[in-house]
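> One letter stands for each residue in the lines below.
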Amino acid sequence: MKGYDHAHGTSKYDKINDMEGYAKDLIDQCEDKSIPVNRDPKQLKHAVSTDLRDNIPPQLYFVVSGLIDVIQQVEEA
Amino acid sequence: MKINDMLLNQLKLQNKYGTKLDDNNRNGRLVAGSKEYWGKDNKASEILERYQVPKTESNKQGVEAFMKNTEGENSLKLETVEIAASNGVEMTEENLKSIHEAVNSDFELEESIEVLVVSENQTDVALTKADVEKMDLPSALKEEIMKDIDKGMPPLKAIGKALGKALGETFLAKFDGKTSGDIQITIKITIEVIEVRFQQEGEQFDLDKLIEQFKALVDSGKEGQGSLLTTAAEVLAALELLELPRENQDVETSGMLAESDSIEVSSVTDHEDISEEIVEWVTEALGSVEMVAQELMDNINDAPGLKLYVVESVTVKMQEVAESFKIAQKNMLQTMEKALSEEKPLSTNQVKEVLSSVINKLDDVLMKSDVPLYTSMSMEKTLLKMSTNLQEARQLLAKGDIVGAKQVIKAVHGKLQAAIFKPSERKIQGFAQKQSDQFLQDKDQVQLQLQNYKQEGVSARNVLELFRSLGLNHEYEVSEKLAQLRSFDKEMKLDGNLKEVLHKLEQDEKQENKTVETIEKSLNNLNGQQLLNKQGQKNNQQTMFFNIPLVNEQEVKNMKLYVNSRDANNRLDWENCSLYFVVDLKAYGPTGIKVDIKDRGVSITVKNDDEDLKHVIEPLIENLGSVLEEVGLKEKEVHFAPLDNHKKFGRNMLKEQAAKEEVKVQSDAVIESQKGFDFKI
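Chains as they are written, first to last, in this note's numbering: chain A, 1167 to 1243; chain B, 5 to 685.
One thing to keep in mind: the hints can contain errors.
Said to hold, decoys possible - Cut-off 16 Å, straight-line C-alpha distance, at most; resulting in silico cross-link-like pairs (EDC-like, lysine to aspartate or glutamate):
| id | chain 1 | residue 1 | chain 2 | residue 2 |
| --- | --- | --- | --- | --- |
| 1 | A | K1199 | B | E324 |
| 2 | A | K1208 | B | E97 |
| 3 | B | K372 | B | E341 |
| 4 | B | K525 | B | E94 |
| 5 | B | K485 | A | D1191 |
| 6 | B | K590 | A | D1191 |
| 7 | A | K1208 | B | E626 |
| 8 | B | K497 | A | E1186 |
| 9 | B | K618 | A | D1191 |
| 10 | B | K72 | B | E97 |
| 11 | A | K1199 | B | E557 |
| 12 | B | K372 | B | E481 |
| 13 | A | K1199 | B | D499 |
| 14 | B | K602 | B | D577 |
| 15 | B | K508 | A | D1206 |
| 16 | B | K638 | B | D648 |
| 17 | B | K414 | B | E324 |
| 18 | B | K561 | A | D1235 |
| 19 | B | K508 | A | E1197 |
| 20 | B | K652 | B | E641 |
| 21 | B | K497 | A | D1198 |
| 22 | B | K59 | B | D110 |
| 23 | A | K1208 | B | E94 |
| 24 | A | K1199 | B | E207 |
| 25 | B | K485 | A | E1197 |
| 26 | B | K640 | B | D600 |
| 27 | B | K389 | B | E357 |
| 28 | B | K590 | A | E1241 |
| 29 | B | K561 | A | E1241 |
| 30 | B | K497 | B | D135 |
| 31 | A | K1199 | B | D135 |
| 32 | B | K138 | B | E481 |
| 33 | B | K419 | B | D405 |
| 34 | B | K485 | A | E1241 |
| 35 | B | K508 | A | D1198 |
| 36 | B | K561 | A | E1242 |
Claimed, not checked - Label-pair distances were calculated between CB atoms; the ranges are:
| id | chain 1 | residue 1 | chain 2 | residue 2 | range |
| --- | --- | --- | --- | --- | --- |
| 37 | A | G1187 | B | N517 | 29 to 39 Å |
| 38 | B | K403 | A | A1243 | 43 to 53 Å |
| 39 | A | D1184 | B | K485 | 16 to 26 Å |
| 40 | B | Q203 | A | D1198 | 22 to 32 Å |
Simulated from the structure, these hints should not be mistaken for lab results. We treat Cβ as the ideally placed atom computed from N, Cα and C, and that holds for glycine.
Can you build the whole structure from these sequences, using the hints too?
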């Protein structure tokens, strides 16, 4: 399951046409439960489209980590 | 609040809000409000046309407001409009402002943490009724506590009273008269131990028995020789007292694995073995006083009973993780066996499905399960390599080589079967430290669960965890959890990432102006990164952008990372993509590092004007080559090039059309300038 399927499958909103409606609903739910989130629906609708655990494959994270490691070593040298 | 020591020390030394404005902000001044940004000949309008963004009234207002109200050079702001347009982000003032902040400013990790430290000290904390409601406790115990709270008793006192009653009052008598410090901590620890046990054992949970064990420990500590449980011997004693929960999960046994299979079923499938092994590993990691972090020891010395909780929760946690790995492992093995079966051979399409399913499961173990958080880095690499191998098998299959694909599957099956979850000693200690810290904090606050930002070794999961701890996946995970919880009607545990805590502070109106400014700036930066990482961008392309905090002993600095890839089914294509890192190195100044991956071949271009950097970085990159090979990538070429307009180059990677042209121009320039410089590994 990639992207925002969980939102799509379980709510009354169509993911393409009404992500903003979904975002507003999410903001209401979070307010009810005192969960702090970005309360701007026009930002939130974009933010919930990405799951960094799914959209970036682990191999790519590994490459990023490798480069961070190189840069850290240069800094410490 | 537990924060990386280095950072805290740094914060104590510094108090310089607002002095770190970057060049762009320093140069930029508020643009006069009278200027028109939307006219026929205007660039913003032209950009929207070029990217086919509808020129609606709301888009117009958003762009105009952004151009008028945001500080900075016009050309940079127009570039922000272009990046937003290229990424399909809606043209509101807030969206543009956030993207502008993320792309053009550094993320100030230290300042963000500083406001949290300041605000934490101002907050008056107490356990609330709602906290008690959230606790997963035996119903009789909880009922009693709630009754007292409803009668007006403070929640902590009500819990203490209920525990005292359960313990035959002796528990409370020891702390007679004290209302804070030891008693609070002890009550909290006790209640947490009960929670952990109750979650594990459900109705079989025996409160009396646990309390017996706990009492014995408290007694030995009170009578004892100075502070409680400070020696390894006592840890072992505590462990002996522990009645570890037996697994009652019913894992179905594999009917697919033939007894005669050449590869033996490893001992990992034996539950009893796991229990004992885990206890042994935890004992080893925590048993020797010298091996445990000093801070953890200090905490334990200060808080009676803490070690019992730490040992217990660590053991239970490792048990859970081992179990979850075993279930995933079994599931993947069985799926692969379907593809390998000679009795019922699968069609090419079915084998393809098997491969996709196992790759997804492996990636989930790597990115979503707790396994990589507690096991060694070599285990992570082994799993990563398996995922890579299976993707190779998929490619073989696409070429019609079903025999070759099956050989790969067989090899991976063998490796996976031999894999065993073994927690690393350092990670057990890290988890123990975290558990202990959590208890010494106040439970009803949203607590910042900061990672140790400094990366140790090369690990895919560490980078993901860094992004998550900054809150870059916060909203997605909240929406996911809420969807899951809907059917269970359970309370949601807050995550404690930086963004969550900043949003909480933002919603608290008591903040001072300066704090509000810092919070806004930090949140804009994080929101901007999230907007730039949105899925479903144009022309089958996916770009991403991150501000990565780099921590060393002296300071925290910001590194920008630009990613440009083909969109492969809502995923970046790791086999064919470009990364660009921009950082200002302490000794060598501004630097850009471009990483181009094509068919898993990695080419690296280091852009910097200091000749000395080459000598330092060359061996490190060479070494990186062999690390990358372990997970199936191949380092092909390393180039060195002059710095050029490296920041602009990065920003161009976030714009589709321009990026392609620019990349081409740049790589031509690199080839031109590199004669006698290139080397192959």
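> Please go over all the hints and tell whether each is borne out by the structure.
Results of checking the hints against the structure:
With a CA separation close to 28 Å, the supplied pair K1199 of chain A and E324 of chain B exceeds the 16 Å bound. At roughly 10 Å between alpha-carbon atoms, K1208 of chain A and E97 of chain B fall within 16 Å of each other, so this suggested pair holds. Note on K372 of chain B and E341 of chain B: the hinted pairing is violated, with a Cα-Cα distance of about 24 Å set against a maximum of 16 Å. Pair hint K525 of chain B plus E94 of chain B does not hold up; C-alpha atoms about 20 Å apart against a cutoff of 16 Å.
For the hint linking K485 of chain B to D1191 of chain A, the alpha-carbon distance of about 14 Å falls within 16 Å, and the restraint holds. As the CA atoms of K590 of chain B and D1191 of chain A are separated by approximately 47 Å, the hinted pair breaks the 16 Å bound. About 45 Å separates the Cα atoms of K1208 of chain A and E626 of chain B, which puts this hinted pair outside 16 Å; it is violated. Under the criterion of a C-alpha separation no larger than 16 Å, the hint pairing K497 of chain B with E1186 of chain A is inconsistent with the structure, at around 25 Å.
Of the pairs offered as hints, the one joining K618 of chain B and D1191 of chain A is violated, with about 53 Å between alpha carbons and a cut-off of 16 Å exceeded. Restraint check for K72 of chain B and E97 of chain B: the C-alpha separation of about 10 Å stays at or below 16 Å, so the hint holds. Taken as a hint, the K1199 of chain A and E557 of chain B pair is broken in the structure, with Cα atoms around 40 Å apart against an allowance of 16 Å. Under the criterion of a C-alpha separation no larger than 16 Å, the hint pairing K372 of chain B with E481 of chain B is consistent with the structure, at around 11 Å.
Between K1199 of chain A and D499 of chain B the CA atoms are separated by roughly 14 Å; this keeps the pair inside 16 Å, and the hint holds. Restraint check for K602 of chain B and D577 of chain B: the C-alpha separation of about 10 Å stays at or below 16 Å, so the hint holds. Proposed proximity of K508 of chain B and D1206 of chain A is supported: the alpha carbons are some 14 Å apart, at most 16 Å. For the given pair, K638 of chain B sits about 27 Å from D648 of chain B by alpha-carbon distance, which is inconsistent with the 16 Å threshold.
For the hint linking K414 of chain B to E324 of chain B, the alpha-carbon distance of about 28 Å lies beyond 16 Å, and the restraint is violated. A distance of roughly 14 Å separates the Cα atoms of K561 of chain B and D1235 of chain A; the hinted pair therefore holds under the 16 Å criterion. A distance of roughly 11 Å separates the Cα atoms of K508 of chain B and E1197 of chain A; the hinted pair therefore holds under the 16 Å criterion. For the given pair, K652 of chain B sits about 24 Å from E641 of chain B by alpha-carbon distance, which is inconsistent with the 16 Å threshold.
A hinted pair counts as satisfied when its Cα atoms are at most 16 Å apart, and K497 of chain B with D1198 of chain A qualifies at roughly 14 Å. Taking the CA atoms of K59 of chain B and D110 of chain B, the gap is about 31 Å. The hint is violated against a cut of 16 Å. In summary, the hint linking K1208 of chain A to E94 of chain B is supported, as the alpha carbons are separated by about 7 Å, within the 16 Å threshold. Taken as a hint, the K1199 of chain A and E207 of chain B pair is broken in the structure, with Cα atoms around 28 Å apart against an allowance of 16 Å.
With a CA separation close to 15 Å, the supplied pair K485 of chain B and E1197 of chain A stays within the 16 Å bound. For a cut-off of 16 Å, the pair hint linking K640 of chain B to D600 of chain B stands: about 10 Å separates their Cα positions. Distance restraint check for K389 of chain B and E357 of chain B: the Cα-Cα separation of roughly 19 Å exceeds the 16 Å cut-off, and the hinted pair is therefore not satisfied. A threshold of 16 Å between alpha carbons decides the hint, and for K590 of chain B with E1241 of chain A the separation of about 6 Å falls inside it, so the pair holds.
With a CA separation close to 11 Å, the supplied pair K561 of chain B and E1241 of chain A stays within the 16 Å bound. For the suggested pair K497 of chain B and D135 of chain B, the alpha carbons sit about 11 Å apart, so the restraint of at most 16 Å is met. Annotation: proposed proximity of K1199 of chain A to D135 of chain B holds, straight-line Cα distance about 13 Å (limit 16 Å). Pair hint K138 of chain B plus E481 of chain B does not hold up; C-alpha atoms about 20 Å apart against a cutoff of 16 Å.
This hinted pair does not check out: K419 of chain B and D405 of chain B have alpha carbons roughly 22 Å apart, beyond 16 Å. A hinted pair counts as satisfied when its Cα atoms are at most 16 Å apart, and K485 of chain B with E1241 of chain A does not qualify at roughly 39 Å. The hinted pair formed by K508 of chain B and D1198 of chain A meets the criterion: a straight-line CA distance of about 14 Å does not exceed 16 Å. Taking the CA atoms of K561 of chain B and E1242 of chain A, the gap is about 13 Å. The hint holds against a cut of 16 Å.
At about 35 Å, the beta-carbon gap between G1187 of chain A and N517 of chain B stays in the expected band of 29 to 39 Å. A C-beta distance of roughly 45 Å is found between K403 of chain B and A1243 of chain A, which places it inside the suggested range of 43 to 53 Å. Taking the beta carbon of each, D1184 of chain A and K485 of chain B are about 21 Å apart, inside 16 to 26 Å as hinted. At about 25 Å, the beta-carbon gap between Q203 of chain B and D1198 of chain A stays in the expected band of 22 to 32 Å.
Checked against the numbered hints given earlier, the structure breaks hints 1, 3, 4, 6, 7, 8, 9, 11, 16, 17, 20, 22, 24, 27, 32, 33, 34 and satisfies all the rest.
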